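> Numbering (our numbering), first residue to last: 29 to 118.
Keep in mind the hints are simulated off the structure, nothing from the lab. Note that this is a predicted model, so its numbers are computed, not measured.
With a straight-line Cα cutoff of 30 Å, these simulated DSS-like cross-link-like pairs (lysine-lysine) come out:
| no. | residue 1 | residue 2 |
| --- | --- | --- |
| 1 | K101 | K40 |
| 2 | K95 | K40 |
| 3 | K95 | K71 |
| 4 | K71 | K101 |
| 5 | K40 | K71 |
Quick list of the computed label-pair ranges, beta carbon to beta carbon:
| no. | residue 1 | residue 2 | range |
| --- | --- | --- | --- |
| 6 | A116 | E81 | 16 to 24 Å |
| 7 | G118 | R54 | 28 to 36 Å |
| 8 | L63 | G118 | 30 to 38 Å |
| 9 | A73 | K101 | 16 to 24 Å |
| 10 | D53 | Y86 | 27 to 35 Å |
| 11 | I44 | S69 | 17 to 25 Å |
| 12 | G118 | P51 | 32 to 40 Å |
| 13 | G118 | P48 | 26 to 34 Å |
| 14 | G118 | E49 | 28 to 36 Å |
| 15 | Q45 | P90 | 16 to 24 Å |
| 16 | P90 | L63 | 14 to 22 Å |
| 17 | A116 | E49 | 26 to 34 Å |
| 18 | A117 | D53 | 26 to 34 Å |
| 19 | S100 | E52 | 19 to 27 Å |
Glycine included, C-beta positions come from ideal geometry on N, C-alpha and C.
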Amino acid sequence: MTETSDFFTRVKEAIIQVSPEVPEDRITSESSLILDLNIDSLKIAELSVILEELFDTYIFLPELIVKVEDPSKLTMGALVDYIQEEVAAG
29 MTETSDFFTR VKEAIIQVSP EVPEDRITSE SSLILDLNID SLKIAELSVI LEELFDTYIF
89 LPELIVKVED PSKLTMGALV DYIQEEVAAG
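Modelling step: build the complete structure from the supplied sequences, incorporating the hints.
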(Lines of atoms letter the chains of each structure in order from A and count residues from 1; the text may use other names and numbers.)
(Lines give C-alpha, C1' and ligand atoms only; values in the text may rest on other atoms or scores of the structure.)
Protein backbone atom coordinates (compact mmCIF):
# COMPACT_ATOMS: atom_id res chain seq x y z
CA MET A 1 0.00 0.00 0.00
CA THR A 2 1.36 3.37 -0.96
CA GLU A 3 0.09 6.77 0.06
CA THR A 4 -0.58 7.54 -3.58
CA SER A 5 -2.79 4.50 -4.16
CA ASP A 6 -6.42 5.00 -5.09
CA PHE A 7 -7.50 3.14 -1.94
CA PHE A 8 -5.36 5.37 0.27
CA THR A 9 -6.67 8.53 -1.39
CA ARG A 10 -10.30 7.48 -1.01
CA VAL A 11 -9.88 6.46 2.63
CA LYS A 12 -8.06 9.73 3.32
CA GLU A 13 -11.04 11.63 1.88
CA ALA A 14 -13.34 9.72 4.24
CA ILE A 15 -11.09 10.53 7.21
CA ILE A 16 -11.22 14.20 6.27
CA GLN A 17 -15.04 14.03 6.26
CA VAL A 18 -15.23 12.60 9.80
CA SER A 19 -12.25 14.52 11.24
CA PRO A 20 -12.10 17.84 9.39
CA GLU A 21 -10.03 19.34 12.22
CA VAL A 22 -7.06 17.12 11.32
CA PRO A 23 -4.62 18.77 8.88
CA GLU A 24 -4.54 16.79 5.65
CA ASP A 25 -0.74 16.49 5.72
CA ARG A 26 -0.98 14.59 9.05
CA ILE A 27 -2.87 11.76 7.35
CA THR A 28 -0.16 9.26 6.43
CA SER A 29 -0.03 5.48 6.35
CA GLU A 30 1.66 5.53 9.77
CA SER A 31 -0.94 7.81 11.42
CA SER A 32 -2.75 6.31 14.39
CA LEU A 33 -6.49 6.51 13.84
CA ILE A 34 -7.07 7.26 17.51
CA LEU A 35 -4.04 9.29 18.56
CA ASP A 36 -3.27 11.24 15.38
CA LEU A 37 -6.57 11.40 13.50
CA ASN A 38 -8.98 11.81 16.44
CA ILE A 39 -11.15 8.85 15.43
CA ASP A 40 -13.34 7.89 18.39
CA SER A 41 -16.15 5.33 18.63
CA LEU A 42 -18.75 7.66 17.15
CA LYS A 43 -16.48 8.53 14.24
CA ILE A 44 -15.78 4.81 13.68
CA ALA A 45 -19.50 4.28 13.04
CA GLU A 46 -19.67 7.29 10.74
CA LEU A 47 -16.50 6.24 8.93
CA SER A 48 -17.87 2.73 8.39
CA VAL A 49 -20.94 4.14 6.63
CA ILE A 50 -18.90 6.49 4.45
CA LEU A 51 -16.45 3.73 3.47
CA GLU A 52 -19.30 1.35 2.62
CA GLU A 53 -20.71 3.98 0.27
CA LEU A 54 -17.32 4.77 -1.25
CA PHE A 55 -16.36 1.16 -1.91
CA ASP A 56 -19.85 -0.32 -2.35
CA THR A 57 -19.10 -3.18 0.04
CA TYR A 58 -19.80 -4.11 3.66
CA ILE A 59 -17.19 -2.56 5.96
CA PHE A 60 -17.40 -3.27 9.70
CA LEU A 61 -14.52 -1.40 11.33
CA PRO A 62 -15.00 -2.85 14.83
CA GLU A 63 -13.93 -6.16 13.26
CA LEU A 64 -10.58 -4.55 12.40
CA ILE A 65 -10.23 -2.93 15.81
CA VAL A 66 -10.58 -6.20 17.74
CA LYS A 67 -7.74 -7.70 15.68
CA VAL A 68 -5.17 -5.39 17.25
CA GLU A 69 -3.85 -5.71 20.79
CA ASP A 70 -3.78 -1.96 21.36
CA PRO A 71 -6.38 0.02 19.35
CA SER A 72 -4.27 3.19 19.67
CA LYS A 73 -1.72 1.47 17.40
CA LEU A 74 -4.26 0.98 14.62
CA THR A 75 -2.88 2.91 11.66
CA MET A 76 -4.23 4.43 8.50
CA GLY A 77 -2.14 1.89 6.57
CA ALA A 78 -3.80 -1.01 8.41
CA LEU A 79 -7.21 0.49 7.67
CA VAL A 80 -6.43 0.79 3.96
CA ASP A 81 -5.14 -2.80 3.87
CA TYR A 82 -8.31 -4.01 5.61
CA ILE A 83 -10.53 -2.21 3.12
CA GLN A 84 -8.57 -3.63 0.18
CA GLU A 85 -9.10 -7.13 1.59
CA GLU A 86 -12.83 -6.52 2.10
CA VAL A 87 -13.28 -5.16 -1.40
CA ALA A 88 -11.35 -8.09 -2.89
CA ALA A 89 -13.50 -10.56 -0.90
CA GLY A 90 -16.55 -8.82 -2.30
